[in-house]
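S.K.: Sequence:
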Amino acid sequence: MAPSVEVSSPSVKEKPEDDRSGSLSSLEQGWNIHDEARARRKIDFSVLPLLFLGLLVFQLDRMNIASALTGGFAKDINVDLNTINLGNQLMFMGIVLLEIPSNMALQWIGPRTWIAGQVLVFGTVAALQVFVRNRAGFLAARVMLGFCESGYIPGAIYTLSTWYTKSELAKRVAILFFGMFGANAISPVLATGILKMDHLRGLRGWQWLFLCIIRFDDADRDVLQKRLEQSSNESAEERGIPLRLVLRMGPIAANALAAVGAFLSLLVVFVFAYLSDRTNRRGATVIAAQLCFLVALVVAREVHPHVGQWSRWGLWTTVNAFAVGYHPVHNTWVQLNCRDPRERSIAIAMWVMSAISGLMVGTQYYRAGDGPFYRHGLLIQICMVVVGIVFAALQIVIYVVHNRRVAQGKHKADRDGRPAQIYVP
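Everything in the sequence shown is counted per the numbering used here, starting at 1 for the first residue and increasing by one.
Be aware that one or more of the hints could be misleading.
[Claimed, not checked] Label-pair restraints from in silico Cβ distances:
1) His376 <-> Ile109: 40 to 48 Å
2) Thr83 <-> Ser357: 19 to 27 Å
3) Ser357 <-> Ile382: 13 to 21 Å
Simulated from the structure, these hints should not be mistaken for lab results. Every value quoted in this text rests on a predicted model; they were computed, and no experiment measured them. We put the CB at the ideal spot given by N, CA and C, even for glycine.
Build the full structure now, drawing on both the sequences and the hints.
M.R.: Rendered as structure tokens:
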């Protein structure tokens, strides 16, 4: 598998087209295009599914709190929506605090042991939330869950970046994120059935929800451990507003309908990832995805108060479908403009920390007093998306100007003697 590692090495190519001419590069390295394709398929069916599976469990642990809310969780432990938001903020804080140390531990211990162990630990902590009885216990559980989840996303993304070339990476990162977005879709569907177990054997439905997640984790941990051992020998919570609060539906119907937007987001993510790889216009693809999300938010804010129940569901389904379209392509854009593995590792960790820091604030966008239409929260989110579009456009301008100056010979080699870098706008 050594040739695959060399193919995916993070050395910056002067021309983006070089990355697409796989046959020439392969011949120069001493193997043909069929060998390269066969090696790539092995990664597609070994490393990538394992990381996908771990991220699926990761997001299920986050999403079960949203489903639990529809089953009376907040009422049973005597907390309100603002306390739920605070708990999620503390979870994100725990992730941010240990993000870089966890990433360092991953590289020191290795993914075979670290990732498998991490999935087991954060799955166990999530399941222990079944014993939460009050506000203090809930907040403590969320902090611990954040500590245990820290480092998984950047570690998984960094691992992918060491196996795939620039032209292959965006689609693979998108597939990895399918684990997260797929969990967003699966979690409400699972909750639809699990919440029907309310009062079975003296447990509430939300308690069964937390318990059933750990059964899934144990099986996944075993598969993850064994498969990673084999592959090693061969060789990145967004808690949406529950539809029950917006549409005044029952918990079963709300969870079933909430899954639709999450399933649609899988298609949206892959479409933008395909466009990103196809055109190599990374920044433009990010902006296009953000613009789609912006339009959905604006329409939802203006139309929401004036339409019926099912039209509201359609609006929120559209918002959820476009909410994450830019995530994988933006992450790939960051990676492609890193010069070496060390820079890429740090950049990925910083990217995740920035996203999580935004979530810490974002959990307070939609507050109980702003319901049922959440016009104030939607306005804040619209403003933040506009800020994101402006910064993405500014980054494109910076890269284009820099590349032009390099072409004019105004940027020379750095202190290490490496040529001036050409960025992907």
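S.K.: Determine for every hint whether it applies to the structure shown.
M.R.: A quick look at each hint next to the structure:
1. Separation of His376 from Ile109 is about 45 Å and conforms to the stated range, judged on CB atoms against 40 to 48 Å.
2. For the pair Thr83 and Ser357, the beta carbons lie near 21 Å from each other, so the given range of 19 to 27 Å is met.
3. Checked against the hint of 13 to 21 Å, the pair Ser357 and Ile382 passes, with Cβ atoms roughly 20 Å apart.
The structure is consistent with each of the numbered hints, conforming to all of them.
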